[in-house]
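Assemble the complex: chain A is given as a structure, and chain B must be docked to it using the hints.
Protein chains: 2
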Amino acid sequence: MSKLVIVGTVAFDAIETPFGKTDKILGGAATYIGLSASQFGTDGAIVSVVGGDFPQKYIDMLVSKGMNVEGLEIVPDGKTFFWSGKYHNDMNTRDTLATELNVLEKFNPVVPDSYKDAEVVMLGNLHPMVQMGVINQMNNPKMVVLDTMNFWMDIALDDLKKVIAKVDVITINDEEARQLSGEYSLVTASKKIMEMGPQYVVIKKGEHGALIFHKEEMFFAPALPLAEVFDPTGAGDTFAGGFTGYLAKTGDYSFENMKRAIIYGSCLASFCVEKFGTERMQNLSENEVEKRLQQFQRLTQFELNT
Amino acid sequence: MSKLVIVGTVAFDAIETPFGKTDKILGGAATYIGLSASQFGTDGAIVSVVGGDFPQKYIDMLVSKGMNVEGLEIVPDGKTFFWSGKYHNDMNTRDTLATELNVLEKFNPVVPDSYKDAEVVMLGNLHPMVQMGVINQMNNPKMVVLDTMNFWMDIALDDLKKVIAKVDVITINDEEARQLSGEYSLVTASKKIMEMGPQYVVIKKGEHGALIFHKEEMFFAPALPLAEVFDPTGAGDTFAGGFTGYLAKTGDYSFENMKRAIIYGSCLASFCVEKFGTERMQNLSENEVEKRLQQFQRLTQFELNT
Numbered sequence: 002m003s004k005l006v007i008v009g010t011v012a013f014d015a016i017e018t019p020f021g022k023t024d025k026i027l028g029g030a031a032t033y034i035g036l037s038a039s040q041f042g043t044d045g046a047i048v049s050v051v052g053g054d055f056p057q058k059y060i061d062m063l064v065s066k067g068m069n070v071e072g073l074e075i076v077p078d079g080k081t082f083f084w085s086g087k088y089h090n091d092m093n094t095r096d097t098l099a100t101e102l103n104v105l106e107k108f109n110p111v112v113p114d115s116y117k118d119a120e121v122v123m124l125g126n127l128h129p130m131v132q133m134g135v136i137n138q139m140n141n142p143k144m145v146v147l148d149t150m151n152f153w154m155d156i157a158l159d160d161l162k163k164v165i166a167k168v169d170v171i172t173i174n175d176e177e178a179r180q181l182s183g184e185y186s187l188v189t190a191s192k193k194i195m196e197m198g199p200q201y202v203v204i205k206k207g208e209h210g211a212l213i214f215h216k217e218e219m220f221f222a223p224a225l226p227l228a229e230v231f232d233p234t235g236a237g238d239t240f241a242g243g244f245t246g247y248l249a250k251t252g253d254y255s256f257e258n259m260k261r262a263i264i265y266g267s268c269l270a271s272f273c274v275e276k277f278g279t280e281r282m283q284n285l286s287e288n289e290v291e292k293r294l295q296q297f298q299r300l301t302q303f304e305l306n307t
Numbered sequence: 002m003s004k005l006v007i008v009g010t011v012a013f014d015a016i017e018t019p020f021g022k023t024d025k026i027l028g029g030a031a032t033y034i035g036l037s038a039s040q041f042g043t044d045g046a047i048v049s050v051v052g053g054d055f056p057q058k059y060i061d062m063l064v065s066k067g068m069n070v071e072g073l074e075i076v077p078d079g080k081t082f083f084w085s086g087k088y089h090n091d092m093n094t095r096d097t098l099a100t101e102l103n104v105l106e107k108f109n110p111v112v113p114d115s116y117k118d119a120e121v122v123m124l125g126n127l128h129p130m131v132q133m134g135v136i137n138q139m140n141n142p143k144m145v146v147l148d149t150m151n152f153w154m155d156i157a158l159d160d161l162k163k164v165i166a167k168v169d170v171i172t173i174n175d176e177e178a179r180q181l182s183g184e185y186s187l188v189t190a191s192k193k194i195m196e197m198g199p200q201y202v203v204i205k206k207g208e209h210g211a212l213i214f215h216k217e218e219m220f221f222a223p224a225l226p227l228a229e230v231f232d233p234t235g236a237g238d239t240f241a242g243g244f245t246g247y248l249a250k251t252g253d254y255s256f257e258n259m260k261r262a263i264i265y266g267s268c269l270a271s272f273c274v275e276k277f278g279t280e281r282m283q284n285l286s287e288n289e290v291e292k293r294l295q296q297f298q299r300l301t302q303f304e305l306n307t
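Taken in sequence, the protein lines are chains A and B. Sequence positions in the first sequence follow this note's numbering and run 2 to 307. Sequence positions in the second sequence follow this note's numbering and run 2 to 307.
Each hint should be verified, as a subset may be incorrect.
To give an idea of the interface, some chain B residues facing chain A are shown, with a C-beta separation under 8 Å as derived from the structure [what the hints assert, rightly or not]:
(1) Gln180
(2) Gly183
(3) Leu187
(4) Pro226
(5) Ile264
(6) Leu300
(7) Asn306
With a Cα cut of at most 25 Å, we get these calculated SDA-like pairs of lysine to any residue [claimed, not checked]:
(8) Lys4/B to Phe256/B
(9) Lys250/B to Met133/A
(10) Lys192/A to Lys143/B
(11) Lys216/B to Met197/B
(12) Lys192/B to Met219/A
(13) Lys66/A to Asn306/B
(14) Lys250/A to Gln302/B
(15) Lys206/B to Glu218/A
(16) Lys192/A to Glu184/B
(17) Lys216/B to Lys66/A
(18) Lys276/B to His89/B
(19) Lys80/B to Ala15/B
(20) Lys216/B to Arg299/A
(21) Lys22/A to Gly183/B
(22) Lys167/B to Asp118/B
(23) Lys276/A to Ala15/B
(24) Lys163/B to Thr189/B
(25) Lys206/B to Arg95/A
(26) Lys58/A to Val70/A
(27) Lys192/A to Lys163/B
(28) Lys206/B to Met219/A
(29) Lys22/B to Leu98/B
(30) Lys276/B to Lys4/A
(31) Lys4/A to Met133/A
(32) Lys206/B to Gln298/A
(33) Lys206/B to Lys4/A
(34) Lys192/A to Lys80/B
(35) Lys87/A to Thr23/A
(36) Lys143/B to Lys58/A
(37) Lys87/A to Lys276/B
(38) Lys292/A to Phe303/B
(39) Lys193/B to Asp118/B
(40) Lys292/A to Ala228/A
Calculated directly from the structure, the hints in this document are not laboratory data. Bear in mind that the values here come from a model prediction, so they are computed numbers and not experimental data. Beta carbons are placed, not taken as given, at the ideal position from N, Cα and C, and that holds for glycine.
Isolated chain A, as found in the complex (with noise of 0.2 Å):
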């Protein structure tokens, strides 16, 4: 087993969707992929700050998942950032109400040294010169993965093309690999994107699943059909926290072990989707996740007579 080094916000967030609204709930990406690595006993250690008003009993609730907190830095006369957003009825769009950097806008990550020899690590969403920051403190990791977004796309294309060069594998959805490369193409748009450094690019669908490209290989992990999405909030980030999870558990880094890692990541996105906010990652039990396993084995397992 690895060690695995999480950046990314730990959050408040307020979600409205078709099945009712939230106040201020547990949020934020690396909050969601700790829960998410967590289930594999990974190693992980969280890297990210919080102001003042965040309750003690969230950080306790991490650290029982087993994540190291050292590199959480408390502010105690800010403000924990914090976002907002209503999610349209078909719970693919959403619209953002609030953001409320707080806190955020002078983060400056600080990796545990105990961490600094992690072989994984995940960057979560954050402007690309913080997540720079991170890959400068390690030593020599074997996997570094890189979510990112659109917004940083608009605004500091410099900085994320700088921080892309410098990866192993990127994680964006389908819109943004677009933006990214200029090509509609997913094929053509990956080819592009490894051209920018990352060997690995694994393309974020949502309820159509996820794509991950190597050299000429591509493999496609899809979604579980659900009969219910209650809330889409940090399914994106469960996914990658899944997938690093699973890489920092095994310390295998082959494709074919990358494939496993995209399978277990759609899984436990599956989970996250089925309550608000992290309540469903919070309650998850090894049991459930093997049997939703074999239900992903059954959807997309086949044999040819030949």
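Chain B only, in chain A's frame:
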């Protein structure tokens, strides 16, 4: 091997895509279905109608592929059905520029006597009452597959529901499944549609693949991600032809074999879109299909370490 009856349009299409445009070329649902099913050497009969303007060489081509054309009525003083459409840049949406029903307006399908004992019937997209007319001519078929579209839901829903109640499989796209069921989730939509009659519901998601539902089971066939989609016309019919052609060839109607059948359908559809109209499907070798099936396997098959 069982016989296959194919009902649908045989038509002229004029197509415009970002890659170019065609004059009137060979098109029509039954044409694509027949060309696709012929890949398996299936004993198929096309039941359709054309006008005196329809070139004999097209009929000869269908016969050369092994299709029986006794049920292809020629109306000497009539004109062949004509459809014209223009695809948008994303290739997923299109505008219909012209629809001239012509001989289709008075089409009264006649199944050749020697095919009334066919086990598999593919009802291509046509007025539901024309589809019903074909069902009524068959002697106890084992697998009746219905394709339809939102147009009939809008103008002939009651008739459509009567036909749906009589078939074993319905194939529709995701938006149509939602319209027909009133449910957004495809899992819930398929359950409601199964309550209308069919034991199997196939939901086509275009570039996002296809799902088949049966009782509590579901299976997913991806679409092959392609570097270039040249012309999507006929992809859904090619999928249906691969699906029913494979079922007729094998005579095996188990769910395990249905899975293989939608993989074959998806595989053949991936060729259809590579050239304008029927060009690619007319010139497709067994070896090419075999190689692409292996690509589908590499795309989706994984082994869990347990």
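A quick look at each hint next to the structure:
1. Gln180: Result: violated, 14 Å to nearest chain A Cβ.
2. Gly183: 13 Å, violated
3. Leu187: Since chain A brings a Cβ to about 5 Å from leucine 187/B, closer than 8 Å, the hint holds.
4. Pro226: 5 Å, holds
5. Ile264: 6 Å, holds
6. Leu300: Holds, because the Cβ-Cβ distance from leucine 300/B to chain A comes to roughly 5 Å (cut-off 8 Å).
7. Asn306: 7 Å, holds
8. Lys4/B to Phe256/B: 20 Å, holds
9. Lys250/B to Met133/A: 57 Å, violated
10. Lys192/A to Lys143/B: 46 Å, violated
11. Lys216/B to Met197/B: Measuring from Cα to Cα gives roughly 13 Å; hence the hint holds.
12. Lys192/B to Met219/A: 32 Å, violated
13. Lys66/A to Asn306/B: Holds: lysine 66/A and asparagine 306/B sit about 23 Å apart, inside 25 Å.
14. Lys250/A to Gln302/B: Judged against 25 Å, a Cα distance of about 22 Å means the pair holds.
15. Lys206/B to Glu218/A: Holds, at about 23 Å.
16. Lys192/A to Glu184/B: 38 Å, violated
17. Lys216/B to Lys66/A: 38 Å, violated
18. Lys276/B to His89/B: Holds, because 17 Å separates the two Cα atoms, which is no more than 25 Å.
19. Lys80/B to Ala15/B: Roughly 15 Å separates the two Cα atoms, so the pair holds.
20. Lys216/B to Arg299/A: 14 Å, holds
21. Lys22/A to Gly183/B: OK: lysine 22/A and glycine 183/B at ~24 Å, within 25 Å.
22. Lys167/B to Asp118/B: 17 Å, holds
23. Lys276/A to Ala15/B: Not OK: lysine 276/A and alanine 15/B at ~49 Å, beyond 25 Å, violated.
24. Lys163/B to Thr189/B: 21 Å, holds
25. Lys206/B to Arg95/A: 22 Å, holds
26. Lys58/A to Val70/A: Distance of about 13 Å is within 25 Å: holds.
27. Lys192/A to Lys163/B: 49 Å, violated
28. Lys206/B to Met219/A: With Cα atoms ~20 Å apart, lysine 206/B and methionine 219/A stay inside 25 Å; holds.
29. Lys22/B to Leu98/B: 13 Å, holds
30. Lys276/B to Lys4/A: Distance of about 49 Å is beyond 25 Å: violated.
31. Lys4/A to Met133/A: 19 Å, holds
32. Lys206/B to Gln298/A: Status holds; Cα separation ~20 Å.
33. Lys206/B to Lys4/A: 39 Å, violated
34. Lys192/A to Lys80/B: 47 Å, violated
35. Lys87/A to Thr23/A: Holds, because 11 Å separates the two Cα atoms, which is no more than 25 Å.
36. Lys143/B to Lys58/A: Roughly 61 Å separates the two Cα atoms, so the pair is violated.
37. Lys87/A to Lys276/B: The hint is violated at about 42 Å.
38. Lys292/A to Phe303/B: 16 Å, holds
39. Lys193/B to Asp118/B: Violated, at about 31 Å.
40. Lys292/A to Ala228/A: The given pair, whose Cα atoms are some 17 Å apart, holds under the 25 Å limit.
Checked against the numbered hints above, the structure breaks hints 1, 2, 9, 10, 12, 16, 17, 23, 27, 30, 33, 34, 36, 37, 39 and satisfies the rest.
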